[in-house]
Structure formats: C-alpha cells, structure tokens
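Line by line, the protein sequences are chains A and B. Residue numbers in the first sequence follow the UniProt record's numbering, run continuously in steps of one, and reach 443 at the last position. Residue numbers in the second sequence follow the UniProt record's numbering, run continuously in steps of one, and reach 443 at the last position.
Derived from the structure by calculation, the hints contain no laboratory data. Virtual Cβ for every residue (Gly too), placed ideally from N, Cα, C. Check each hint, because a few of them may be wrong.
Stated by the list, open to error - Chain A stretches covered by chain B per the calculated footprint, using a threshold of three residues with CB under 8 angstroms from any CB of chain B: (1) 6-14; (2) 125-137; (3) 153-160; (4) 220-228; (5) 331-341.
There are 2 protein chains.
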Amino acid sequence: MFTPSHHAQGLWAEPDSNQLAYNDPATWIELARLCERGMFDTIFFADVLAPYDTYQQSRDATVFEGMQFPTGDPSVLIPLLAHHTEHLGFTFTQNILQEHPYPFARKMSTLDHLTGGRVAWNIVTTFLPGAGRNLGYGGLPEHGDRYARAEDYVQAVYKLWEHSWEDDAVLRDRARRQFADPAKVHEVDHEGPYYTVYGPHLSEPSPQRTPLLFQAGMSGTGRAFAGRHAEALFISSTTPESAAPVVADVRRAAAGRRIRIFVPQAYVVGSTEAEARRRDTELLERQTVEGNLARMSVFLHHDFATDGPDTPVGELRNRPGVSRQVRDLLNAADRDDWTLGELVRWVGNRRLAGTPERIADSVEAWQSVGVDGVNLQYVVSPTTFAEFVDHVVPVLRARGLVQREYAPGTLREKFFPGSGSRLPVSHPARARGFRRWGNNLKG
Amino acid sequence: MFTPSHHAQGLWAEPDSNQLAYNDPATWIELARLCERGMFDTIFFADVLAPYDTYQQSRDATVFEGMQFPTGDPSVLIPLLAHHTEHLGFTFTQNILQEHPYPFARKMSTLDHLTGGRVAWNIVTTFLPGAGRNLGYGGLPEHGDRYARAEDYVQAVYKLWEHSWEDDAVLRDRARRQFADPAKVHEVDHEGPYYTVYGPHLSEPSPQRTPLLFQAGMSGTGRAFAGRHAEALFISSTTPESAAPVVADVRRAAAGRRIRIFVPQAYVVGSTEAEARRRDTELLERQTVEGNLARMSVFLHHDFATDGPDTPVGELRNRPGVSRQVRDLLNAADRDDWTLGELVRWVGNRRLAGTPERIADSVEAWQSVGVDGVNLQYVVSPTTFAEFVDHVVPVLRARGLVQREYAPGTLREKFFPGSGSRLPVSHPARARGFRRWGNNLKG
Numbered sequence: 001m002f003t004p005s006h007h008a009q010g011l012w013a014e015p016d017s018n019q020l021a022y023n024d025p026a027t028w029i030e031l032a033r034l035c036e037r038g039m040f041d042t043i044f045f046a047d048v049l050a051p052y053d054t055y056q057q058s059r060d061a062t063v064f065e066g067m068q069f070p071t072g073d074p075s076v077l078i079p080l081l082a083h084h085t086e087h088l089g090f091t092f093t094q095n096i097l098q099e100h101p102y103p104f105a106r107k108m109s110t111l112d113h114l115t116g117g118r119v120a121w122n123i124v125t126t127f128l129p130g131a132g133r134n135l136g137y138g139g140l141p142e143h144g145d146r147y148a149r150a151e152d153y154v155q156a157v158y159k160l161w162e163h164s165w166e167d168d169a170v171l172r173d174r175a176r177r178q179f180a181d182p183a184k185v186h187e188v189d190h191e192g193p194y195y196t197v198y199g200p201h202l203s204e205p206s207p208q209r210t211p212l213l214f215q216a217g218m219s220g221t222g223r224a225f226a227g228r229h230a231e232a233l234f235i236s237s238t239t240p241e242s243a244a245p246v247v248a249d250v251r252r253a254a255a256g257r258r259i260r261i262f263v264p265q266a267y268v269v270g271s272t273e274a275e276a277r278r279r280d281t282e283l284l285e286r287q288t289v290e291g292n293l294a295r296m297s298v299f300l301h302h303d304f305a306t307d308g309p310d311t312p313v314g315e316l317r318n319r320p321g322v323s324r325q326v327r328d329l330l331n332a333a334d335r336d337d338w339t340l341g342e343l344v345r346w347v348g349n350r351r352l353a354g355t356p357e358r359i360a361d362s363v364e365a366w367q368s369v370g371v372d373g374v375n376l377q378y379v380v381s382p383t384t385f386a387e388f389v390d391h392v393v394p395v396l397r398a399r400g401l402v403q404r405e406y407a408p409g410t411l412r413e414k415f416f417p418g419s420g421s422r423l424p425v426s427h428p429a430r431a432r433g434f435r436r437w438g439n440n441l442k443g
Numbered sequence: 001m002f003t004p005s006h007h008a009q010g011l012w013a014e015p016d017s018n019q020l021a022y023n024d025p026a027t028w029i030e031l032a033r034l035c036e037r038g039m040f041d042t043i044f045f046a047d048v049l050a051p052y053d054t055y056q057q058s059r060d061a062t063v064f065e066g067m068q069f070p071t072g073d074p075s076v077l078i079p080l081l082a083h084h085t086e087h088l089g090f091t092f093t094q095n096i097l098q099e100h101p102y103p104f105a106r107k108m109s110t111l112d113h114l115t116g117g118r119v120a121w122n123i124v125t126t127f128l129p130g131a132g133r134n135l136g137y138g139g140l141p142e143h144g145d146r147y148a149r150a151e152d153y154v155q156a157v158y159k160l161w162e163h164s165w166e167d168d169a170v171l172r173d174r175a176r177r178q179f180a181d182p183a184k185v186h187e188v189d190h191e192g193p194y195y196t197v198y199g200p201h202l203s204e205p206s207p208q209r210t211p212l213l214f215q216a217g218m219s220g221t222g223r224a225f226a227g228r229h230a231e232a233l234f235i236s237s238t239t240p241e242s243a244a245p246v247v248a249d250v251r252r253a254a255a256g257r258r259i260r261i262f263v264p265q266a267y268v269v270g271s272t273e274a275e276a277r278r279r280d281t282e283l284l285e286r287q288t289v290e291g292n293l294a295r296m297s298v299f300l301h302h303d304f305a306t307d308g309p310d311t312p313v314g315e316l317r318n319r320p321g322v323s324r325q326v327r328d329l330l331n332a333a334d335r336d337d338w339t340l341g342e343l344v345r346w347v348g349n350r351r352l353a354g355t356p357e358r359i360a361d362s363v364e365a366w367q368s369v370g371v372d373g374v375n376l377q378y379v380v381s382p383t384t385f386a387e388f389v390d391h392v393v394p395v396l397r398a399r400g401l402v403q404r405e406y407a408p409g410t411l412r413e414k415f416f417p418g419s420g421s422r423l424p425v426s427h428p429a430r431a432r433g434f435r436r437w438g439n440n441l442k443g
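Looking at chain A on its own, in the form it has when it is part of the complex (with noise of 0.2 angstroms):
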C-alpha cells in the first residue's frame, strides 16, 4: 500500500524500514525489482479512501501512526515501475465509487498499454462510510447496493474494453494516411441503473483489453460476483483447513471458470526455529497497542476503547456483557496478563514465524487445499521482501513450488500460461456481440 505502514502497525519507526520513504520513487523501484528477482507474480497495491475512524471514535490513532493514512494514488506508480522490470505484474485497487467508469475505463487501457499488458484490477465495493462521505455519496450506499452498482459498473467497463473496437479496427496505414476504420469502432450506449457512458472508448485495444481482474469480498453477494467476475481471489483464512471449504465454494461460484486463490501471510524468517520466533517476539513488542486497536477496530466492526484496553485479559473474562467479538478474541489468549490492547496487537499480528523451510512447508499446506498462492504481507519493508526473496524463495524453487522463470505474454497469460491475453469467451465481459452501427452519431 501505497502509505508509511500497511498491516504490522509501528514498525515503519524500525532502522531497517524505509516506510517513511513512500513518496520517494526510488523506494518503489527498489521493491519492484526486488519482487521480480524472487519471481513474484505482481504487487498488489491495496487503497482506502478515508482514515479509519472505529477506534475512540476518532481518526487521531490513525493519523498518529500513518496507519493506511496519509496514502498516494497507486495508478501512477505503474508505468514507472513498469519501465524497471520485465514480467512483474502491478495489481491496484479501485473501488467502483471513486470514478465514473468512463475515465477509469481510459486510465486502465492507458496503464495495459503502457505496461505491454501486465496491469491487473483489484474490483472493490469499499466497506468505510468515510469513503462515501469523502466522494460525495453523503455516506457509504449500502451493501447490496454497492454490489448492485459494481455489476453495472463493470458491465460498462467491459463493453468500452471488449466491444467499442473490433480487432481489425486500427489500420496504422501510412500510405492512406488512415489510422483507424470508423465502421469497426462501436459507440457502446450503455443505459444502466447507476451509470450511463456512450463511448467509444477512448483507447484503442490494449494487449489484455480488459486487465487481469481480481477480487477481494468475501461476504456471500461478494463471493457471487468474484464467481461471475474474478480471475484472482483474494480470501482471509488464516489456515488451511479453514481455507478448504471457503475455496470449495469459490470453485462452485466460478462454475468451472478458472480462478486463482491467493490467502494474505506474514513471515518472520530465521535460521533456527528460535531465532525466528524470538526475532518476532521483539518485533511484536516493539509494534504499537494503539494502531493495532485502531485497526482491528474497524476489521472487526467493533469499538475497542470501550472495553477498556488496558483491562488485563483474566479480568475481562469475568465480566458480564462482553460482546461476542470480544469473547472469541478473550478465548484466542494464551496468556492472562495481557491486558485486552496487548492481545489484539498479538492477534492482528499472528504471523509464521520460522526457518525457511518451515515457510515452505506452510506453502505446500495451503496448496494442498486447493489455494494457488500468498499475499506476501510485509512486517518490515523491504525486509520482509528481501528476507523472503533471498532465504525462502531458493527452498520454494527446489520444491517446486515457485516458477523458475515466467511465462511469456500479458499479465493474464502469467497466471495462465497458454491461454491468450484475452479472457476467454465464455467470461462474461464478453458475451455480447458488437453492435454494428459504427456511423451513427448518438446524442
């Protein structure tokens, strides 16, 4: 994320960061090329556009600690990192209510162009009503209707990239001095109950035409419209028999149509077994109590200042009227002298601390449910990127488990080698045929 500290909240303040540096290109040419070197498939840059604001009722926490805030516009990264690397993918977040579909659908061929196809789009719905509020919808739309809208969102989209400009349309013809066939660019006149965009597009095809699309939602409407939509997934089990049936109903959702599953991890790397857990034992100590209830305030739908969160853990077991969130965190305690601020850094912070091959061996474990790949979640950057990268990914190469060179092609034929820059045809961004009325004029 494009912001001083994404998930381990404090520890942009460690000597080995360079969080503060987030405004600085060089920072984010330094981890592109990093994640290249360890073979990654893409960054993914998450976004919100609003400071959370659960915890006390307040964004101070949040401000205070540079917790997902301030944060940059992840789009105009990509060229340029682009321009540094090879193969790398760059997956960004948009949500649907952030900008007419019109002009995103322009800066996403624009990005693909520039990207020789390695541009990816994580669709999302935002869950903060101060994302609402910020983009003039006066609060946040509700559930349903934020879905409601990312159908028709998308369905314009789809018809700008997929069928305003038939393939043959541009000529590049020097000698007739003609650049495209106006019969094969298509108006798309689309009339939805959210959104209305005539077109054409404004870009020509781009080598995936629509970009690579990922999903995150994971509530039942959420996982509907990853099963109709999404080519990557996104999903939050923490382990992989947790992971297994949530995968299983991905798979039904899809109905057949390939889709790569991807769980967010943290890793503390060591030589020993010890080394690891005690490196993540300081690190964890050294993390802040009030980012991490600031945050997990909001994950959890739930204020934690009112519990009080220097009540120690043994405490607020005895007392009455605990919420039920509260509660399953309580039982999630191994230790009693914590006090409840103490055990929600510990719990929003539960990584896998070991040696390299214990990493691996996690890996192999959530493949074996049927999950494609990890969200590599740093707790230190680029610490965590280089120690991954430099120990972990020689162990996952000689198991198998990590491509030993990419695959030619757009972003699109990375994750799924041999299958054509397009999505195929039976996605349903293209079902639908083009209309063929390129020489009327609309309006």
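For this one, chain A is given, so just place chain B on it according to the hints.
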C-alpha cells in the same frame, strides 16, 4: 497530447514521425529528455474525453485520422517522465467534470510528491457535448454552470491542498513512533453547491501543495476565472497585435497577481527562408483535407460538410447565404482555385516557416506585447521539437530569450524564481485559515 495526431492532421504518416508509437513509453521519455535539453519549462498535455463529431455530424473523420482520438490518460505518464528528467515540468489538462475533487486532489498531490514538485494542472471546463454525455451528465452543462462548477471544484481542492495539513503536522518521529500530529490535520468540511468533501486530505503536504495552475478559457467568464486563479494562461491570439489587448485584459483581471501568458506557435525551420517555405508547402500538401475540416468544424462551431468542401473558393464567394464564419474564411484565401477544404486546411495550419533568426524575431515580437512564452505545437513529432532545440534555441539563447539554466526548486519557483514553492498568500487558495477542530469526527 497522448494521441497519434494532435494539430497537424495527417502528418503522423510522415517517415520521420514516431506518433504512431504514442503508447510506447520510450516515445515520451525521448521527448521529455529532448525538451529538457532545450530548456523547456514544461511539457503540456492537452486532453479531450470524446471524439470530435461536428463535421458531417459524425466522428468518422476523427476516427479515420486518429485525430486527438484515441487518447491516453496523461497523468500516469508523469512519474515515469519525471524519473528521466531533472527540471522539466509536467502540465496536464483535466476537466472538472471528469473526477470528484477528493480523489483528484490526491492524484495531484501524489504526482507532486513523486516529481519533487514539478506538476501543473491546466484547469478546463470542456466544451464537448460528447464529454458531458460520456461522463454521465446526460449532456454538457451550460457554459455558466460549468464555470460555477469549476469555482466550487477549485475551492474544494484548494481546501484539501492548503488547509487540511498544517506545515508542521508531519513529525516522522521514530522514537515516539508518531507519524503525524492529529491535532494539526483537519477535515475540510466543504459543502459547496456542487461538491461535498469532508477530508482530511489523503496526502501529506507535497512540495508545491497546490500544483502550478494553468488555464486556457478565453470567454469573458473564463478570463475572469483565470484572473482569480491562474498562474499561467494559454491565449489563442494569432498575431502580436491581436494579443496586445488580450494580454492587457488578462493582467487587469489578475489585478497585479503574477501570471505567465503563452501563445500557441508552430514552426517549420529552414536554413534559408525559401527552404523553410518550401518545406512548409510540401508538408501542407501532404496534410489531409478531411481531418482539418473535422478539426476546424469543432473549433469554429460549424459543420463544413454543409458548405460543400469540394466547392472552389471563387465559386463560394459568389454564393448567397454563406455564413459569416465561412465568409471570414473565404476572405483569408489568397488563391481562388482552392476548394473550401483546401482553404480550411491552410487556415488550420498557419505556421511560421523561416530561419532560426526569423523565428527568434517572432519570439521577440510576442515578447514586446507582454507575452511570456510560446506553446510549441508540433508539425511532425519529434522532428519539430528536435529542430527547435537544435537550431532555434541556440539563437534564442544568444539573444537572451531562453533560460541558460533552470532555476532551482519546484516548477512554481522555476516560473517565478525566488517566489518560494507555495502559492502566494494573496492567492484565493490560501485565503482561509485552518479550522481548529482536529479531534472532532464528522458524520
């Protein structure tokens, strides 16, 4: 413009043009380096969000010629080009109908951070009905309404850029693990007639905070807007004599506020006057008639198809009922055997063909009426820029008409050396204090 063909229609097909490679990052990197070698202040990206469709009431000629269509999103090129240059500025156009002020303000701040303060915004309201349709407004809001929106829009983004984060809000205190002081970061609470934005701004203060502000509107309303807001202005005068009263009027509207004024100029360079004129004539003859009719139909608000573009000028002169715009055109013709189409092509491509000395004389003539600089329009890219840099710039430099080195600092400091990187306190963007309610939560 991020497109195959900007002004000189048809010449993308010349053998020395790389305009077809407009989606190749290398094209733009080469151009940016060339411009920096020539001591240009800034690259300027124009932009439109719909194909021109006045001529023949169709966008077919536009699509045929690749005339300002397709067009990429220029903003995502900027960090890449900034990485390959040290001083050059990057000015891009974004109309206020395109994007909500909140994410736009973030994009601009991100660009200002990533470029070290070398970005400028050309504020436009768009004149294309197609853009209004494509952006979901149903059509184009009327002129006065667009400027009322623009006023509201800039007030919203000014508040985010100038009045959300205090100068000393960011601490980056590793010892306390404190990124920023929440009491010095403010919601902006903008509730205008068109836009609501609460904030706080998603970006910490960038080098310029508010980007350098360009404007181009030449109506009375547009000029008043420029007088209030712009630090640089494109005017469309074609002679120094006609520019003089415009310059005076703009400076009056600016009421003593500093403002840089630029005129569009296209040059064809020769080692003799005769050679330059011959080259210009040859280029003109290879230009397309249709493309120029399509472009001039838009800018003269007149469909030249209705007048019979194949009709000889001499015949049209004697035809009753010819419109005033066409009659003005006809009176500009110096050859009766031209067709209307050829005449429009000629009028739409008037450029100065001459030796570097003759071009330098022209620059002096512009300067003598208070014009600050030239917006160099290419005839063929990159040839026009290379010829200008290699042959005209040395003459301009010898006469003290072009900078010998860049001033240090941000783009604003390069435009106004010694001024500091921020807008002056007298600018309306800064005429407002911080609101002291940092701990409150909105909504």
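Tell me if chain B covers the region 220-228 of chain A under the three-residue, 8 angstroms CB rule, please? violated (count 0)
Q) Can the region 331-341 of chain A be counted as covered by chain B under the rule of three residues or more with Cβ-Cβ separation shorter than 8 angstroms? A) violated (count 0)
Cut-off 8 angstroms, C-beta pairs, minimum 3 residues; does the coverage of the region 153-160 of chain A by chain B stand? n = 0 at 8 angstroms, threshold three: violated.
State whether the coverage of the region 6-14 of chain A by chain B holds or is violated, taking the criterion as 3 or more residues with Cβ-Cβ distances under 8 angstroms.
-> Per the Cβ count (3), the hint holds.
Are there three or more residues in the region 125-137 of chain A whose C-beta lies within less than 8 angstroms of some C-beta in chain B?
holds (count 6)
Of the numbered hints stated above, those contradicted by the structure are hints 3, 4 and 5, listed in ascending order.
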